[in-house]
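There are 2 protein chains.
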Amino acid sequence: MSTAAAARITGLETYDVRFPTSRELDGSDAMNPDPDYSAAYLVLRTDAGDGLEGHGFTFTIGRGNDVQVAAIEALRPYVLGRPVAELCADPASLSRALVGDSQLRWLGPEKGVMHMAVGAVLNAVWDLAAKRAGLPLWRLLAQAEPEWLVSQVDFRYLSDALTPERALELLRKGRPGARERTAELLRTGYPAYTTSPGWLGYDDAKLTRLAQQAVADGFTQIKLKVGADLADDVRRLRTARAAVGPGVRIAIDANQRWDVAQAVEWTNALAEFDPYWIEEPTSPDDVLGHAAVRRAVAPVRVATGEHVHNRIVFKQLLQAGAIDVLQLDAARVGGVNENLAILLLAAEFGVPVCPHAGGVGLCELVQHLSMFDYVALSGTVEDRTIEYVDHLHQHFTDPVVIADGHYTAPTSPGFSATVHRTSIDTYRYPHGTYWAEELNT
Amino acid sequence: MSTAAAARITGLETYDVRFPTSRELDGSDAMNPDPDYSAAYLVLRTDAGDGLEGHGFTFTIGRGNDVQVAAIEALRPYVLGRPVAELCADPASLSRALVGDSQLRWLGPEKGVMHMAVGAVLNAVWDLAAKRAGLPLWRLLAQAEPEWLVSQVDFRYLSDALTPERALELLRKGRPGARERTAELLRTGYPAYTTSPGWLGYDDAKLTRLAQQAVADGFTQIKLKVGADLADDVRRLRTARAAVGPGVRIAIDANQRWDVAQAVEWTNALAEFDPYWIEEPTSPDDVLGHAAVRRAVAPVRVATGEHVHNRIVFKQLLQAGAIDVLQLDAARVGGVNENLAILLLAAEFGVPVCPHAGGVGLCELVQHLSMFDYVALSGTVEDRTIEYVDHLHQHFTDPVVIADGHYTAPTSPGFSATVHRTSIDTYRYPHGTYWAEELNT
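Protein chains in written order, with UniProt numbering: chain A, 1 to 441; chain B, 1 to 441.
Just chain A, with the same shape it has in the complex:
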C-alpha cells in the first residue's frame, strides 16, 4: 500500500464473461438471431488502500469476446504504474496515449475491436474517478467546470463542425438551471422506452402481453425489431399498435438489414402504423445512405448510432442531415471522453440523443451520460429517452432502477459498471461454473 497521493494503478484484470441468452431468444433481431450477451470485462486496481477499483467492459454478443479481451490485455502497459490521482483528474491523458499510439492506431484507426478496448479501459478509469470523488458519474460530469470538460474532449477531425471554443459556449449555456434540473432528475428520473416486447423471436401473444405490460408500467414508447419478413412485420406492428393504442410511440429497428432502396420501401410499407423512428435502416457506415433514407421516409424519423464507431462518423451524420435521433452507445466508442464529444456535437446540431442500451450493462452506463446531458448541456428531456431492456441487471451491484417508465437517477459513486463477483465466477467462459457444466454435457 502506498500513500494516497502516490497511489498508482497496480493491476488490470480481464474476464471473458458470457451469458447464455441465446437459450431464450431474448435479444433476437433480423441480424442477430442467437446472441449470447457477453462482456469483455476489466478491473483496475490501485495501491491507494481505499479499496476502490475501476470497472469497465466492452459488450459483445458472444463469439469474439476473447479477441476483445486480448485487445484490452494489449493496453495493460499503458495503464499500469500511472499515478491514480493524476489519471482520475485527467482521463484525457490516457485517452491521448491510447487513441494516439501510432502503432495501435494502425488497427483502426479509432474503430472496431481496438477502439472498443480503449473505450472499456477509459470507462473503467471514469468509474474509478467517480468512486474516488464519491459521486455517481453523471454528477461528477454535471458539476465539472466547462473548461475541464472541454479539456477531456479530442477535437481532432471535428473542427469543421465543432471547435473547443464553441463547445465551451455550449457548456456555459447549459449551466443555468442545473441545480433545479438535478433536483427534478432525482425526483422523477429520466424517460425510458422499452425494447422488451419487440424481439423477433416472440410470438404475437407474447408481443401483445409485453406491450400492454409496458404501457401499464408507465412507458410511453416501445420498440419492435423488424426486417426479417415484411408480412410478419406488418402483422407484428398491427398487433403492437392494437395493443398500445394510438398514443404510445412505437419505434422500429431494422438492425442494418437493408440496402437504401429496400429501407425506403419497407419503412414506407409500415408507415400506416405510425412508427416513431426507423432505427439502423442500413449499414452504420453509410452516412449518405442514411441521408437518402431520411429524405424518403419522412415524417418517420431516422435513428442510428449503436454501431457508429466514432465521433467522426457522428459528425458526418449530423452534417449530412442524415438522422433525427442520435443513439450513442456507452461501450462502442472511446469511452466517456469520446461520448462527451458526441453529446456536444448533438447539442451543436440540435439533434436529440436517445442512447442505445440493453445488452450487458449498457443501461447501467448510458444513463449517466444522458443525465449529465440533461443537467448540464442540452437542459431538456424533450424527445429524449433512453432505451431500456430488462436483461441481466441482476448481475450488477448497482443495477438500473426503472420506475413509472423512467430511469431513477443513480446515487452510488461510480459508473454503475460493477458486476457481482459471483456472476463473473459463474459465467466466465469457458471455465466458469455455468460453462464448465454446459460445455461438458
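Since the hints were made in silico from the structure, they are not lab data. Mixed in with the good hints, there may be bad ones.
[Stated by the list, open to error] So the derived label-pair ranges between C-beta atoms look like this:
1. T426(B) / R76(A): 24 to 30 Å
2. T397(B) / V234(A): 44 to 50 Å
3. E169(A) / A296(B): 23 to 29 Å
4. A228(B) / A436(A): 28 to 34 Å
5. A436(B) / A436(A): 32 to 38 Å
6. A6(B) / G100(A): 50 to 56 Å
All C-beta atoms, glycine included, are put in the ideal place defined by N, C-alpha and C.
Using the hints provided, position chain B relative to the given structure of chain A.
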C-alpha cells in the same frame, strides 16, 4: 492424406512476425514515427497431398500484432474441415460465413481488427486457389468468367451505387482485348511509383539522392510524406522538385494528420511545387471532409484508401465526389472478394485505382489486383500506378520485381504471399532468434 477430391482444410497456423524497421526510420511519417513493420501471418494446410498451402496476413506496424493474431485464431473453426475444392471454387462461401457471422459482426461490423482478420484468411484461400490452379492470382482472376467474378462479390449496402447486373456489364465490357493486354503486361509490367525517397526521417541529402535515383531507375512518380512541419515540407518539396525536375510527378502524403481546414491551407501552401495528389489529408472515415478538401485544393488531386475499412466507405467517397484517386489496400478489407467490389465501384465511377503498398508484403499482394483490373476490367493503365517501397521483399519466396519503374508481372502460381520459413523463425515475436536476442539485451 485424403484423395484429392475429398481433401479438406486440416490446419490453420498463425505467426506474430515483426521486423525491427523502427531502427532505421524507414517508414516514418507524420502519424507513424517509429513503425515496426509486422505481419499477423497465417498458413492454411490441407490433406490433399499436393504440398500446397494458402498463405495470408494482415499488415500492422508493431504493437497490437498479437491482437490481430488472436482475431485470426478466432476464425479457425470456420475454416477447418472445409472441402478444399469447394472452398477454392467459391471463396465467397467462406466470405459470407465470416462477414455474415452474427456474433463476430458485432465487433465491427466489417471494420478494424476482426475485418482485417477475415481479409487475411480469405486472401490465404485465394492464394491456395491460385496455387491449385497453377496460376498467379491476377491470371486466375483475369481468366475467370464475369458471372463467376460477380458471384464472388458481396453487394450488400452497394446497390444504390452498383448492382450485380451492372457489375456483370462492366466485366463483360472489360473483356475484349484481354489477350493483348496480358501480352503487353508480361512484356512491360505495370507502372509503379516509389515512396522510398520521401520518409520524414530522411535528411535533404538522402532525399535528393534517393529522388534522383528513383528517376534514374525509371520511375515517373515519387511520393513525399508531409504534415509534421510546414516549413520543413516546403523545404523538402522544393528539394525534391529540384532533384527530379518538372516532368516527374510528386505526390504528397499527410497520413491523416490534418483537420479539414488545415488540410486545405497546408496543401495550398505547397501548391507551387505542383504536387500531383494529396494523400490522406484527414481522417479516413471523413467522406464529407475529403469532399470539402477536394473542392478547395483542385487541381491538386485527392487520394485516399489505405485506411478505408470497407467497400461501403469507398462507395460513399465515390458518390460524394471526394476522391480523384482510389488507393485500395490488399490487407485492410475483406480480402480479394471485397477488393473485387472496390475495383468494380472504381470502374463504375471512372476513378483510377492506385493501390497502397509498402509495409510487409503489400506490394506482393496488390500487384495482382491492379493487373487483373488492367487486363479484364478497366483495360487501361492511364493515370494508374502502384505504390512501391523497397522494404522487406527479401523475406518473400516470390518477391516483386521492379524493372524500369514497372512491376514485372508475376508468373509463379499463387498470391505472392509466402514468407520464407527462415524469416518467420528469425522474426517471430517474441521468441524468434532476432527478438530473443534483442529483448534479452
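* Asked: Which hint numbers does the structure go against, in order from smallest to largest?
  -> Of the numbered hints given earlier, those the structure breaks are 2 and 4, listed in rising order.
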